[in-house]
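A.B. asks: Chain by chain, the residues run as shown.
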Amino acid sequence: MKINTKDLLSGIILILFAVIGYWLNQDHALGTARRMGPGYMPMLTFVILVGIGGIVFLLALFSGPNPLENWTRGEILAVPAAIIAFFATYFIVAGLNIFQGNYYVLGSAIFVACLVLAIPPGWRALGLVHAGFSLFGLLLEQGGLMLALVGCIVVSSVADPDHRPKGVLGMIIFLCVLCWWVFIKELDIRVNVWPQFL
Amino acid sequence: MELLINNLGHGFAVALTVNNILFCLLGCLIGTAIGVLPGIGPVATISLLLPITFGQPATTAIIMLAGIYYGAQYGGSTTAILLNLPGEVSSVVTTLEGYKMARNGRAGAALTIAALGSFFAGTCATILVAASGPLLTSVALSFGPADYFSLMLLGLIISAVLAQGSVLKSIGMVVLGVALGLVGTDVQTGQQRFTFGVPELSDGVGFVSLAMGMFGIAEIILNLERPEQRSVLAAKVGSLFLTKEEFRRAVPSVLRGTLVGSMLGILPGGGAALSSFASYMMERKMSRGRHEFGNGAIEGVAGPESANNAASQTSFIPLLTLGIPANAVMALMVGALIIQGIQPGPRMVEAQPDLFWGLIASMWIGNLMLLVINLPMIGMWVKLLQVPYKYLYPSILVFCAIGVYSISNNVFDVYQTVLFGFVGYIFSKLKMEPAPLLIGFVLGPMMEEHLRRAMLLSRGDVMVFVERPISASMLAIGAVAMIAMMLPSLRKGKDKALAE
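Protein chains in written order, with this note's numbering: chain A, 3 to 200; chain B, 9 to 508.
Looking at chain B on its own, in the form it has when it is part of the complex (with noise of 0.2 Å):
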């Protein structure tokens, strides 16, 4: 305990920076600005910003890459309120009561306890983070090669069965991905693998190339084809403040949001949207108010809310502990940590101590400067969502063009990511997700390395993963999930839960 709250104070020492509290500032109003503007999420501001990172250190680049996946959940449900229009996926069920709230005129109420809400999971999120991360490393520390990879394995396949739509097409998706990561220089060997004598592949398929054009290019181009959807401001924000009577409503929610999120936030594939769907639901059936779904129940914002911002926080505990990304979001911090040098796994908390508790301790802070920029000035955000999309996607676009080309000052990474906007078009249009392929990209090549090694261990034989307790627990609940799946009755479960 004593522990923890030194190497928390360390944390705060590192993050009250001027210059780590000046990016963590710029990630929550990026990540706010893009939550607000529906037609672009995360995924893909983050892989647009992640060559402007590279020229600061490791903790702050990713401190204010944080901040724009946790800013982006705040935000998200400020559109969602105002305008029944999401701007984030995470926040498509807060439309269904917030909306209805601001019918009524208690838009400010229901954005006050989003914000809220969201203040208090994130508190209790990075409580969690703090206390689980050395837990669970120097468990991860005991790890061998065979473990590894058998965990690698079950985070592929999870995030592959709780991706939307089909899962034995994600499952193709994350294997595609794999097989993506496949490309470039082997690095035992030291042979060249499907590069087709470019020498631009030798390192590798470009990862921000891939995310930029499957994320970005091919949602700009998706969002054009589309009529743009344009709602009217349902009725003034009204009074921010809560009545009794609404407060006492929400605060089971957001305790019972807070639960959810930071439990689905830790699984792969797990993360910001799927807890907020799964709180929904919860509210729908457990709470007090339930009679009242349908008419702008403070319950139905309540919980959500505080659900996908728990989740923002708590998916970054199997990256900072094991080096396993939860969701696409995490494939992108593990691609900035490799690119900045730093090899995600579980002795980053002993090896980089100023980035593990500097970037916890950000997150708390970063909650606290997203309370203000939200709250009071909610007005500044509604009139972002009046800038149009014809002005906006160019401008993104540029962004992407000049960002991709600055990775290594090469064109070549220009061609490469209109090929991935193509592919990523295809694939969207053939309902075959993007997400589980970047996840299957970036662990692709730390599979291999602990398979061969796992394999040279045991000398070539393939019980090594059964017989050891680890591997074989990690290969079951992998196995079970996959059956579970394949049943009818959850498949259809799931569906709904997804398409609600």
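With the rest of the complex left out, here is chain A (with noise of 0.2 Å):
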């Protein structure tokens, strides 16, 4: 069989997005075609998409080949480990309960989850960019704008190799001049510029 790797993979999301959707929508009232309840649309949408989603998977099965690159053993690896890592930090950070509310519990675990996974070489992007990224939610609210500005661009300037301290140091310096200038002075948005420990 020539197996398109991609279609079926494809095919299997829709498919489960579909399931899980029409489980979910079990708690809601689907009423009749004339005097529709809010489950109905839902209902609707879920069956036309796992019926697409088994044409595109049958199809995978005989379009192919078009396999997926080929994944390192570090890269493997990664995807379990960052996937317990974000489990494990969860609830280790809910159990200290040291920050209450704003979402720290999940913007911790996100941000360790894709440290986890920027081990490997071949998922360093994807998981620096990320972990930058949700640094800026952690640090925002408590450590202000320009801290989490800094922790956003030190991190995920780590995800390219050419990347040179001093190059970074005049990016931060620019970033936080302009971000200022741009956010606070014109546009005036709502938030901490500096940390509020200090």
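Each hint can be trusted.
From chain A, some residues computed to sit far from chain B (all C-beta separations above 10 Å):
1. P67
2. A83
3. Y92
4. V95
5. W183
6. W196
Label pairs and their in silico Cβ distance ranges:
7. P65(B) to D29(A): 38 to 46 Å
8. T25(B) to R36(A): 46 to 54 Å
9. F93(A) to Q351(B): 43 to 51 Å
Read the hints as simulated data drawn from the structure, not as lab findings.
Glycine included, each C-beta is placed from N, C-alpha and C at the ideal position.
With the hints as a guide, bring both chains together as one complex.
C.D. replies: Right, dumping it as structure tokens:
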């Protein structure tokens, strides 16, 4: 059989999404065709989606070959490791109960998981760009805009091996000034600029 | 006719206020910049700048966002011609003949015809939008809920059919987008759907987070994984003037490109990229210089560049008259309008004359500005290309981050964006197109409302969709389009057109 792996996975994603959605939709009243309840349109959507996903899946069995890029051992291991890291951090931070609200638990779990994912070189860009982005969210409200910018820029610039410390420093200064001017001075968004704990 | 002139006069009065001119100029400058820079497109930029426009009045915001879109079409040609590097998808075909012209020492001429052709096409398209707007609106006002539902369904089908890659997968993406659009509070009963108890989700999945994650963040990662392409400048820009012979050859191509672009721009799923491909194919078959294709034929620059600019403007027609987005950029415009408290639809021309006519007038003003921005200042844009991507992407990232946070001053939106960044990355690795998803996401909630209303009016009879002539013909067109794309011969033609 000539399997088109990319399409096969696409089909599985569509079917999974539809099945989970259909299952969650059990809580909503369907209503009748004349007076549709909140569950009617979701039901229609998920039924169509499962149908399309099914066709994509079946056609993929014969339309290949179209394999995925080969993953190295490190890349394969990093994915479950990142998922474990996510849940471990989530429960540890939730258990520590230091910070309340503002999705600190969720944010730190995402941040740690992204860092773990970035260990093999193949996932470095994927992991570090997202890690930088979530670090921004973590630092913003307590650490202030400037600290969040520095964190985001430093982490995400590691993703490109060409970066040198001097260039990163210059970029930090430039972007901090630019963002201060655009977002604080001109647009006046409501956010702390400097760390709160100082 | 007189009414049209009056309305346009009103539009110019709106567009020529200092604030609006400034924002139009800003939009055009940003558009040209991202057009010149490969690796960042109009969808990512507009979603990036959406939050910044919230503080402005709706008209000003839309004028600026529109400027980014058509500005990008101008800027995209510069890199295509000088560096053989398409700055945008819509200028991929310009590299074929444009770069050859540059190597023949006629880079200046190629840039000039690209800018002049775009300006001519932009002017024609602006007039078309102005003339067809009120006309289509009066038609649209007679639409019932059933007709609306079918029209949106048709829009979704065609946008999936014309998208790159597999039609079936694109339809799957559209439906997935509709499904994501279901999250949030049900409008009629107030019940929370698929919110998992997260209060932030009761307004639905964040539109800006979705667009930024899938188009902005995922794009950055894919660009980082790809080795950076740097080709050297082919030659000096040279004389910007066209020879008489070049001018004579280019004129019919510009006319044909404008026509093709204007028509394809109106189609859902059409837009700049598709029309420049179509125009290129047409020029290669029909123009007088067709035997010179491959050696730097001016027709191969004049046609596609006119077409993509015409299309980027006429794609506003379905949005402004029917409230239906024709492509991903227009889906963002719908988002921008809704956030501003304006429901896009046929009543917009009447209810928001400032916005409608002001936008049209600003398009023409913007085109004029772009002519100046691009031709004499070409050297400045070439300099911009020397900024390496490693300095560019952290800047894009922090602007994304601040922008997404400032929508509702909530870090949840930041984490939502991370999620969609991962999803967008996986999708692009599996060749699942995000553009149809975005259109489905925007249209989904509107479709649900019209479906419910139509079924209530018809007392639960599904036949209403076939009995109403407007609705029936929409469904028929949709069915024909779907069947046509299932035919192997046509599908190959599309793949070929999009692959080149």
